[in-house]
Amino acid sequence: MTSCAVGCVREPRDPHVPRVHRCHSRGNRADVVFGLDLGAEAKMQSIASSTGAPATVFVGVSEQLFDDEAVLPVRLRFFTPEIEESICGHGTIAALEALQNVGVQRLSISQW
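Residue 1 is where the sequence shown starts when you use this note's numbering, and the numbers rise one by one after that.
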C-alpha cells in the first residue's frame, strides 16, 4: 500500500482548502485535498492545475448516512492538471492513506 511520508500534512496556500496531503511512494504522486465543496468543479480544476501533481483527489464527506451511523460516507473526485477523471488508482490509494492519517479507523468502499 502507498504510504504518506511523515509530515505530509501541510498548510496550503489557498485559504479555502483546509488540508492538503501530499503523498509520495514509488509510483506517481497524488495530492489529496480535504474541505472543499465537491460541487465547485472550476475551483477543483484550478487547484489540480496548480499543484504540479499528476493527480489530485478531492475528498468530501457525504451528508447521507447509512443505516449504521458509525459509517460516514465520503465521495472522491479525481482531477489531472487538464481534466476530471472518473477513476484514478493511485489517487484512490492516496486518499485512503490520507483518510487513515486523519483518524478514519474503518473503510468500506462502494461505487455510487
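The hints are simulated quantities; they were obtained by calculation from the structure and are not laboratory data.
Every residue gets a Cβ at the ideal spot worked out from N, C-alpha and C, and that includes glycine.
Accuracy of the hints is not assured; some may be wrong.
To be verified - Beta-carbon label-pair distances, calculated as ranges:
| id | residue 1 | residue 2 | range |
| --- | --- | --- | --- |
| 1 | GLU82 | GLY103 | 30 to 36 Å |
| 2 | GLY39 | PRO81 | 27 to 33 Å |
| 3 | ALA40 | SER86 | 14 to 20 Å |
| 4 | VAL104 | GLU82 | 17 to 23 Å |
So, going through the hints one by one against the coordinates:
1. Our hint of 30 to 36 Å for GLU82 and GLY103 holds, since their Cβ atoms are close to 33 Å apart.
2. Look at GLY39 against PRO81: about 20 Å separates their beta carbons, and that is not inside 27 to 33 Å.
3. In this structure the supplied range 14 to 20 Å holds for ALA40 paired with SER86, their Cβ-Cβ distance being about 18 Å.
4. For VAL104 and GLU82, the Cβ-Cβ distance of about 30 Å falls outside the hinted range of 17 to 23 Å, so the restraint is violated.
Of the numbered hints stated above, those contradicted by the structure are hints 2 and 4, listed in ascending order.
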